[in-house]
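> This is what each chain is made of:
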Amino acid sequence: MSNGVPGNDPVRVTYRDAVREGIRQALNDDPRVFIMGEDVGLYGGCYAVTKGLLAEFGPDRVRDTPLSESTFVGAGIGAALGGMRPIVEIMTVNFSLLAMDQIVNTAATLRHMSGGQFSIPLVIRMATGAGRQLAAQHSHSLEGWYAHIPGIRVLTPATLEDARGMLATAIEDPDPVLIFEHSGLYNMEGELPSDAGPVDIDRAVVRREGADVTLITYGGSLGKTLDAAEQLARAEIHSEVVDLRSLRPLDDATIMQSVARTHRAVVVDEGWRSGSVSAEISARIMEQVFYDLDSPVARICTEEVPIPYAQHLEQAALPQTEKIVALVQAMVASHG
Amino acid sequence: MADYRMPSLGADMDDGTLLRWLVNPGDAVRRGDVVAVVETTKGAIDVEIFQDGVIDTLVVEPGSKVPVGAVLATLEPSGEEEAPTASVGSGPEPALHQPDSGPAIDSSVQNLEHRGARRRKVSPAARKRALELGVPLDELPGTGPDGAVTLADVESAVTVSSPGSGDAMRQTIASAMTRSKREIPHYYLDTEMHFEPAMEWLASQNAERSVTERLLYVVLLVKGIATALRDYPELNGHRRQGRFVAAERIHVGVAIALRGGGLVAPAIRNADRMDLDSLMQALRDLVQRARSGGLRGSEVADPTITLTSLGDLSVDRVYPVIYPPQVAIVGFGTPVLRPWVLGERVVPRRVIHGSLAADHRVSDGHRGGLFLRQVDRLLQEPENL
Amino acid sequence: MTTADTLLDGAPSEHVMELLRGMIRIRRFEEKCAELYSATKIRGFLHLYIGEEAIAVGVMAALSPADAVVATYREHGHALARGVAMDTIMAEMYGKQEGCSRGRGGSMHLFDAATRFYGGHAIVAGGLPVAVGLALADAMQKRPLVTACFFGEGAAAEGEFHESLNLATLWSLPVVFLCENNLYAMGTALTRSESQVDIHLKAGSYGLRSEQVDGMDVVAVENAARGAVERARMGEGPQFLELRTYRFRAHSMFDPELYRDKAEVESWKSRGPIATLKTRLEQAGYLSDDDLVAMDSQVDEEIARAVAFAEAGTWEPISDLGRDVYTPRSQS
Numbered sequence: 001m002s003n004g005v006p007g008n009d010p011v012r013v014t015y016r017d018a019v020r021e022g023i024r025q026a027l028n029d030d031p032r033v034f035i036m037g038e039d040v041g042l043y044g045g046c047y048a049v050t051k052g053l054l055a056e057f058g059p060d061r062v063r064d065t066p067l068s069e070s071t072f073v074g075a076g077i078g079a080a081l082g083g084m085r086p087i088v089e090i091m092t093v094n095f096s097l098l099a100m101d102q103i104v105n106t107a108a109t110l111r112h113m114s115g116g117q118f119s120i121p122l123v124i125r126m127a128t129g130a131g132r133q134l135a136a137q138h139s140h141s142l143e144g145w146y147a148h149i150p151g152i153r154v155l156t157p158a159t160l161e162d163a164r165g166m167l168a169t170a171i172e173d174p175d176p177v178l179i180f181e182h183s184g185l186y187n188m189e190g191e192l193p194s195d196a197g198p199v200d201i202d203r204a205v206v207r208r209e210g211a212d213v214t215l216i217t218y219g220g221s222l223g224k225t226l227d228a229a230e231q232l233a234r235a236e237i238h239s240e241v242v243d244l245r246s247l248r249p250l251d252d253a254t255i256m257q258s259v260a261r262t263h264r265a266v267v268v269d270e271g272w273r274s275g276s277v278s279a280e281i282s283a284r285i286m287e288q289v290f291y292d293l294d295s296p297v298a299r300i301c302t303e304e305v306p307i308p309y310a311q312h313l314e315q316a317a318l319p320q321t322e323k324i325v326a327l328v329q330a331m332v333a334s335h336g
Numbered sequence: 001m002a003d004y005r006m007p008s009l010g011a012d013m014d015d016g017t018l019l020r021w022l023v024n025p026g027d028a029v030r031r032g033d034v035v036a037v038v039e040t041t042k043g044a045i046d047v048e049i050f051q052d053g054v055i056d057t058l059v060v061e062p063g064s065k066v067p068v069g070a071v072l073a074t075l076e077p078s079g080e081e082e083a084p085t086a087s088v089g090s091g092p093e094p095a096l097h098q099p100d101s102g103p104a105i106d107s108s109v110q111n112l113e114h115r116g117a118r119r120r121k122v123s124p125a126a127r128k129r130a131l132e133l134g135v136p137l138d139e140l141p142g143t144g145p146d147g148a149v150t151l152a153d154v155e156s157a158v159t160v161s162s163p164g165s166g167d168a169m170r171q172t173i174a175s176a177m178t179r180s181k182r183e184i185p186h187y188y189l190d191t192e193m194h195f196e197p198a199m200e201w202l203a204s205q206n207a208e209r210s211v212t213e214r215l216l217y218v219v220l221l222v223k224g225i226a227t228a229l230r231d232y233p234e235l236n237g238h239r240r241q242g243r244f245v246a247a248e249r250i251h252v253g254v255a256i257a258l259r260g261g262g263l264v265a266p267a268i269r270n271a272d273r274m275d276l277d278s279l280m281q282a283l284r285d286l287v288q289r290a291r292s293g294g295l296r297g298s299e300v301a302d303p304t305i306t307l308t309s310l311g312d313l314s315v316d317r318v319y320p321v322i323y324p325p326q327v328a329i330v331g332f333g334t335p336v337l338r339p340w341v342l343g344e345r346v347v348p349r350r351v352i353h354g355s356l357a358a359d360h361r362v363s364d365g366h367r368g369g370l371f372l373r374q375v376d377r378l379l380q381e382p383e384n385l
Numbered sequence: 001m002t003t004a005d006t007l008l009d010g011a012p013s014e015h016v017m018e019l020l021r022g023m024i025r026i027r028r029f030e031e032k033c034a035e036l037y038s039a040t041k042i043r044g045f046l047h048l049y050i051g052e053e054a055i056a057v058g059v060m061a062a063l064s065p066a067d068a069v070v071a072t073y074r075e076h077g078h079a080l081a082r083g084v085a086m087d088t089i090m091a092e093m094y095g096k097q098e099g100c101s102r103g104r105g106g107s108m109h110l111f112d113a114a115t116r117f118y119g120g121h122a123i124v125a126g127g128l129p130v131a132v133g134l135a136l137a138d139a140m141q142k143r144p145l146v147t148a149c150f151f152g153e154g155a156a157a158e159g160e161f162h163e164s165l166n167l168a169t170l171w172s173l174p175v176v177f178l179c180e181n182n183l184y185a186m187g188t189a190l191t192r193s194e195s196q197v198d199i200h201l202k203a204g205s206y207g208l209r210s211e212q213v214d215g216m217d218v219v220a221v222e223n224a225a226r227g228a229v230e231r232a233r234m235g236e237g238p239q240f241l242e243l244r245t246y247r248f249r250a251h252s253m254f255d256p257e258l259y260r261d262k263a264e265v266e267s268w269k270s271r272g273p274i275a276t277l278k279t280r281l282e283q284a285g286y287l288s289d290d291d292l293v294a295m296d297s298q299v300d301e302e303i304a305r306a307v308a309f310a311e312a313g314t315w316e317p318i319s320d321l322g323r324d325v326y327t328p329r330s331q332s
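These protein sequence lines are chains A, B and C, in that order. Using the numbering used here, read the first sequence as starting at 1 and increasing by one per residue. Using the numbering used here, read the second sequence as starting at 1 and increasing by one per residue. Using the numbering used here, read the third sequence as starting at 1 and increasing by one per residue.
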């Protein structure tokens, strides 16, 4: 607790605060937990998530690392093998590509290759997503790539409650968990009970109920999708909004139950369309509830360009509320 | 004599070409000696022998390409020092999981594409629903993108929403009945039932009721059928994709003739669990809405069996046609005064003919007969219904 | 440089005989593997350690049972010398579920929790960061343990080599880096890939203690390793040994060795670690023909038992295919 007074009174916090509280709680609760990454200590974290933690917990448990993504992620794997519960922060998903060898070739495979002898309780957090004019090497949404890999879990907290609670649950998880925090969410403000704790990390959640169409999304696109649902409701089109929360495993049951009710599905994904999470979900809907569909599955994804710097171009490349509204209106128009 | 075989040097090596022998017949060899050079896809590799002995015969000539495992030479093993080598038998091979081979490419793909271009656009949900409701898709107007037929289009076709929909209704009935007569091997049973107790009990009940609360005898029939069905699940359900699926609930469809022609048979849901007053209320509501065009698509799709009662037409017997995918339909004629043998006497009594048409693929006449008898028995004690 | 002679002056001959026996055990085991590979009993890649046995045997002799070991895909010798049971290693090569990795790993991925053997890693240099992390865990938990990390000289060209040496030194972690320099990264000679061919000099530039050792001399290896392990254990930070050695066999079974001269192979073979130690012990009067025969027959019996164990092993049912991808929740 930041103020040392436990309770469930809602406090006004940002998404950034929620993540920090989750980390702080873990550091307080479990001496095996430590955090390491580039500029997590003195600097306070590239997105200021870890600000203040160095002073509170000291340099042994809040470790600044050299710019060596592959090695500090690999060291996290080794430390987990050695009995610790490391949290590794990678500044952005783009930089995680430098550590992909350790994530994909080691973290995801070691338990399997060892015939179940060694689990890796490792949490890797990183920022993802566009919208802040950081151009093509700091803005991509590559979480879908990781969702391809068996052996790891991929989480995408889109709410304050999940930002805090998923971290707590991930630390308890015996296997590697990757948490993707959309950089556009860090400043999102809201109320969170001061004693908010672990949340389930297996299930998708219906964030809004509706009978006409299911909008499936996650992470930074949840807000845009809920805004679209609100606008559509004014036109008497009632959208059900499913927040995936976890990209691996995918909660098929929640998706399919919703689509079977509404008979229409739109996937909103900030990743590119080709070979994406949205492609995967679309395929699963075809496989599992084809005969319940009253319309082809539709997708709103990022345009297939590296994210441009200029603001108008960047915004044009990304999924937007208006695009969602227009697409759903066209889809449902015949029965409006 | 032992065999020296073409070794496997890599998982991707299927065969090798013997380039040259480094030994001759009669040469003594020791385990580990290089005895030949083999050309592989990766280049020439020295190959060793794993046994001590004396070369007897060189079986394969240089230049020959042979598969892995082929005998290259024979040798006389040296017997002196038998290393305690465990026999390496051919153990059981793991049962490799063969992935299903994908569908073969059909040479008529172009033909299929051609046909696809002309095919009506119908959403999967609409197609499924149309099959359930027996709605023909050929002429159904589509209001979806590119004129696709949607779920709503199908449901509105059977919702009888306007008096002008007579043609569509005729088409729906025609399609369902044609399918029924074409596909379902019906059997028919008919029995005369003593209806006097039911009519008398009803008269006494109605004497105490206002006009709007009065019961019609049809509700006794509905309740009798629904109650009896509990013991005859093979008459209550649907036949889909070649298999009968018994229904968990009992929803009795009641055929209602419409003023403009045609008929619908919406369901009284869970009829076995309703009392007679509730049944009457449900029936009135259905008739009223059927005639004003206010039925929901699901009400038309829900029945697990149908009752057709032609009581106001002075017909003795009905031989009804099953409404697919249901598997049975019960028909009642008009209650009429007939000579009835009671003990040793012949007395005038009201009787009614109840008939059953059922799908012979699902049930047999014996069970159908027992079912009708059970309905009869229940109607003799209307106060217990 | 320490030699066997000086060691034998003071060391019990039984210990040196054990080192010899350990090397012979690995050699014979791998020769059997080559035979079984040719007979298609073992599949996948098979990388033999023949010629390099002195390193694994010498280093393992210097470790305590609670220390950790991280190895590469050429790790049969390390697993055997570390004490992983030979029969479970052989069963692993067969792909049987009685194998040390349940048949999920094969030759390149031997693992054993009981001996803290953290595996065969088959991405060159991929094991170094993991070893750094294991040492970090020990350091943070104040355990007096070291992590021995084996890799080939090919790893020196990878970024993870440099990142790991830097981080381990920066944080003063108890890792002993053991570079088995056999001069060839698969088919690429050291001189064709490195600007600085003295790997220990390159390593030393990170500020950690680094030395070169004759990797063909098991006693020299053990002495150097003892020093390095003890320094790391005493908190002097990471240590680096470049062990000069040579593999007598091809990189893997399917390798015509187009990249090196047969004369070069023969000249290294003449310095083979087993043959030289035998000669030295015989000349010093510690080893008789009878000793050798007894040693051989003991090793052969163990190998025969391992093969029989592997042959008798069972195939994991395909219905178990999905296991060990995630930890069952009951174990968490």
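Bear in mind the hints are in silico, worked out from the structure with no lab data behind them. Note that CB positions come from ideal geometry on N, CA and C, so glycine has one too. Watch out, some of these pointers could steer you wrong.
To be verified - Covered, in the sense of this in silico footprint (three residues per stretch, anywhere, with C-beta under 8 Å from a C-beta of chain C), are these stretches of chain B:
| no. | segment |
| --- | --- |
| 1 | 9–19 |
| 2 | 124–133 |
Stated by the list, open to error - SDA-like cross-link-like pairs, simulated, lysine to any residue; straight-line CA separation at most 20 Å:
| no. | chain 1 | residue 1 | chain 2 | residue 2 |
| --- | --- | --- | --- | --- |
| 3 | C | 269 | B | 21 |
| 4 | C | 269 | B | 33 |
| 5 | C | 142 | A | 51 |
| 6 | A | 51 | A | 150 |
> Does each hint fit the structure? Answer for all of them.
How the hints compare with the structure:
1. 9–19: Our answer is that it holds, as 5 residues pass the Cβ test (under 8 Å) against chain C, meeting three.
2. 124–133: violated (count 0)
3. C:269 / B:21: It is violated: about 24 Å lies between the C-alpha atoms, which goes past 20 Å.
4. C:269 / B:33: It holds: about 14 Å lies between the C-alpha atoms, which stays within 20 Å.
5. C:142 / A:51: At roughly 27 Å apart (the allowed maximum being 20 Å), residue 51 of chain A and residue 142 of chain C break the hint.
6. A:51 / A:150: violated, 33 Å
When held up to the earlier numbered hints, the structure conflicts with 2, 3, 5 and 6 and fits the remainder.
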